[in-house]
Each structure stands twice: as structure tokens, then as C-alpha cells.
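Whole structure, please, built from the sequences with the hints as guidance.
Same order as they appear, the protein sequences are chains P and F.
Under our numbering, the very last position in the first sequence is 114; numbers go up by exactly one each time.
Under our numbering, the very last position in the second sequence is 111; numbers go up by exactly one each time.
No wet-lab data here; the hints were simulated from the structure.
Treat the hints loosely; a few may be bogus.
Keeping only pairs whose Cα atoms sit at most 25 Å apart, straight-line, the calculated SDA-like set for lysine to any residue is [said to hold, decoys possible]:
#  : chain 1 : residue 1 : chain 2 : residue 2
1  : P       : Lys44     : F       : Thr81
2  : P       : Lys67     : F       : Glu41
3  : P       : Lys40     : F       : Ser7
4  : P       : Lys36     : F       : Leu45
5  : P       : Lys40     : F       : Thr108
6  : P       : Lys22     : F       : Val44
7  : F       : Lys57     : F       : Thr81
8  : P       : Lys40     : F       : Pro8
9  : P       : Lys9      : P       : Ser80
10 : P       : Lys41     : P       : Lys52
11 : P       : Lys36     : F       : Ser103
12 : P       : Lys41     : F       : Pro8
13 : P       : Lys22     : P       : Asn75
14 : P       : Lys19     : P       : Asp85
15 : F       : Lys57     : F       : Leu19
16 : P       : Lys40     : P       : Pro61
17 : P       : Lys36     : F       : Asp71
18 : P       : Lys44     : F       : Phe10
19 : P       : Lys40     : P       : Phe64
20 : P       : Lys41     : F       : Gly53
21 : P       : Lys9      : P       : Lys67
22 : P       : Lys36     : F       : Pro8
23 : P       : Lys44     : F       : Thr108
24 : P       : Lys41     : F       : Arg36
25 : F       : Lys56     : F       : Ser73
26 : F       : Lys57     : P       : Tyr101
27 : P       : Lys40     : F       : Lys57
28 : P       : Lys71     : F       : Leu19
29 : P       : Lys22     : P       : Gly102
30 : P       : Lys71     : P       : Leu83
31 : P       : Lys40     : F       : Phe10
32 : P       : Lys41     : F       : Thr108
33 : F       : Lys57     : P       : Thr104
Listing some non-contacts, in silico: residues in chain P with all C-beta distances to chain F over 12 Å [as the list claims (entries may be wrong)]:
#  : residue
34 : Asp1
35 : Gly16
36 : Asn17
37 : Asp18
38 : Ser20
39 : Asp30
40 : Asn50
Built from N, CA and C at the ideal position, the CB exists for glycine as well.
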Amino acid sequence: DTAVSQTPKYLVTQMGNDKSIKCEQNLGHDTMYWYKQDSKKFLKIMFSYNNKELIINETVPNRFSPKSPDKAHLNLHINSLELGDSAVYFCASSTDRGLVYGYTFGSGTRLTVV
Amino acid sequence: TQLLEQSPQFLSIQEGENLTVYCNSSSVFSSLQWYRQEPGEGPVLLVTVVTGGEVKKLKRLTFQFGDARKDSSLHITAAQTGDTGLYLCAGAPGSARQLTFGSGTQLTVLP
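Printed below as a string of C-alpha cells:
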């Protein structure tokens, strides 16, 4: 199946820990993204990345860092986790070409920091 | 500051009724997209509109992009329980491809 897959689905961890969320897409897309969805269901861009450019939302703490080993993968690493980091994190991908495009999202990772 | 405002925030209707969801902004978008999200899943793309005044139909769903490319609406005819979900509009300002999402409309269709 062509898709964006992210793991794990659920992640419960203690404050201060470091964790990673993995994301892979087999759609041949050029650009990948990380979004954070808060408790009010608002989706906010964190990063976008293709092989040319990393765009970081200025509001994202530098404890968050994207790591891309290749075009099909964009992992999210989080250092020194805080309670406020609890949210659902979505990976997405899209093509670089054309105006009529859309994002394909993964099914999300629910992060709970205790 | 919310770039894209959706209304209503919550909508509960009976099966068979019609409804319209609105997405408004003061900014111009090169393209505007609508997604539906179900619990425990990621948003799924429904449609992309790029031309001012454009109307697209997807079965019982009709999407319209405003003439000035600042707003959009989603109309559902004869809603079904399967239409229940969180509807999100998203826009790409200018030539950027990073999407800004609206505040969402949680639709519940009752049997």
C-alpha cells in the first residue's frame, strides 16, 4: 500500500526523556512535514523539509529536531520532553509540482508526557 | 492570530439535512484544500481548489473557492452518518507549499 507511515502510534514517557518518532513515505513525494495537533484539534506546522531546504516554524523549541536519512524518511527527535509537548504529532508528504496538490498524512503519534 | 477561521466550530444535525461550513481569511491563497479527519486517524484530502470562483463537486459535497481566493465553503447535501468527522480547510499563501490549517468544524450527523 502506498502511504505515509509513522511509528509508534502511542508514546508515553516521563518528563526529561529524549524520544524519536519515525516517518516513512513510499509515494515518491519530494517534501515531508511535521505537524502538531493540540487538544483543540488545531494543526500547526513544525517543519517542512525536502532535499534542498529545511523550513522551521520559528515557534518550535530547539528541543525538536527533524532528521532525514533519505528522501523517503523524516524522523522527529525531541530532547528533554516537557508536559506541554503532549499532543498528537502528524507526519505528511506532498509533491513539489503543480498547484493542484494535497498532503498525505500519517495516522499520527499520540505523545503523552507524564 | 488565526489565519483561517472556520465556522461553525461545532455542528450537530439529523441525517438527511443539508449543511454549509465556511472558511474565511483576510489573506489571499494560491490554493485551498479541504480535509476530513476521523478519530485516531490523520486528515484525508477531499479537494483542492486553485481558481477564484471555482466550484468542485464530490458526490454530495460541493466546494467553492471565493472569487478573491480568500474564502471557501463546503456544502453537504442530505448528510449521512458517515459524514461525521472533523472538517479542516487549509491554505497555502503565495507560492509557499506549507499549509496553514483552519480551526476546524466538528460535524456530527445523527441517525
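So, going through the hints one by one against the coordinates:
no.: 1; hint: P:Lys44 to F:Thr81; verdict: 28 Å, violated
no.: 2; hint: P:Lys67 to F:Glu41; verdict: 23 Å, holds
no.: 3; hint: P:Lys40 to F:Ser7; verdict: 15 Å, holds
no.: 4; hint: P:Lys36 to F:Leu45; verdict: 18 Å, holds
no.: 5; hint: P:Lys40 to F:Thr108; verdict: 16 Å, holds
no.: 6; hint: P:Lys22 to F:Val44; verdict: 20 Å, holds
no.: 7; hint: F:Lys57 to F:Thr81; verdict: 19 Å, holds
no.: 8; hint: P:Lys40 to F:Pro8; verdict: 14 Å, holds
no.: 9; hint: P:Lys9 to P:Ser80; verdict: 20 Å, holds
no.: 10; hint: P:Lys41 to P:Lys52; verdict: 31 Å, violated
no.: 11; hint: P:Lys36 to F:Ser103; verdict: 13 Å, holds
no.: 12; hint: P:Lys41 to F:Pro8; verdict: 14 Å, holds
no.: 13; hint: P:Lys22 to P:Asn75; verdict: 4 Å, holds
no.: 14; hint: P:Lys19 to P:Asp85; verdict: 11 Å, holds
no.: 15; hint: F:Lys57 to F:Leu19; verdict: 15 Å, holds
no.: 16; hint: P:Lys40 to P:Pro61; verdict: 20 Å, holds
no.: 17; hint: P:Lys36 to F:Asp71; verdict: 24 Å, holds
no.: 18; hint: P:Lys44 to F:Phe10; verdict: 20 Å, holds
no.: 19; hint: P:Lys40 to P:Phe64; verdict: 21 Å, holds
no.: 20; hint: P:Lys41 to F:Gly53; verdict: 29 Å, violated
no.: 21; hint: P:Lys9 to P:Lys67; verdict: 19 Å, holds
no.: 22; hint: P:Lys36 to F:Pro8; verdict: 22 Å, holds
no.: 23; hint: P:Lys44 to F:Thr108; verdict: 24 Å, holds
no.: 24; hint: P:Lys41 to F:Arg36; verdict: 12 Å, holds
no.: 25; hint: F:Lys56 to F:Ser73; verdict: 11 Å, holds
no.: 26; hint: F:Lys57 to P:Tyr101; verdict: 17 Å, holds
no.: 27; hint: P:Lys40 to F:Lys57; verdict: 29 Å, violated
no.: 28; hint: P:Lys71 to F:Leu19; verdict: 41 Å, violated
no.: 29; hint: P:Lys22 to P:Gly102; verdict: 21 Å, holds
no.: 30; hint: P:Lys71 to P:Leu83; verdict: 31 Å, violated
no.: 31; hint: P:Lys40 to F:Phe10; verdict: 12 Å, holds
no.: 32; hint: P:Lys41 to F:Thr108; verdict: 15 Å, holds
no.: 33; hint: F:Lys57 to P:Thr104; verdict: 20 Å, holds
no.: 34; hint: Asp1; verdict: 14 Å, holds
no.: 35; hint: Gly16; verdict: 28 Å, holds
no.: 36; hint: Asn17; verdict: 24 Å, holds
no.: 37; hint: Asp18; verdict: 25 Å, holds
no.: 38; hint: Ser20; verdict: 19 Å, holds
no.: 39; hint: Asp30; verdict: 10 Å, violated
no.: 40; hint: Asn50; verdict: 9 Å, violated
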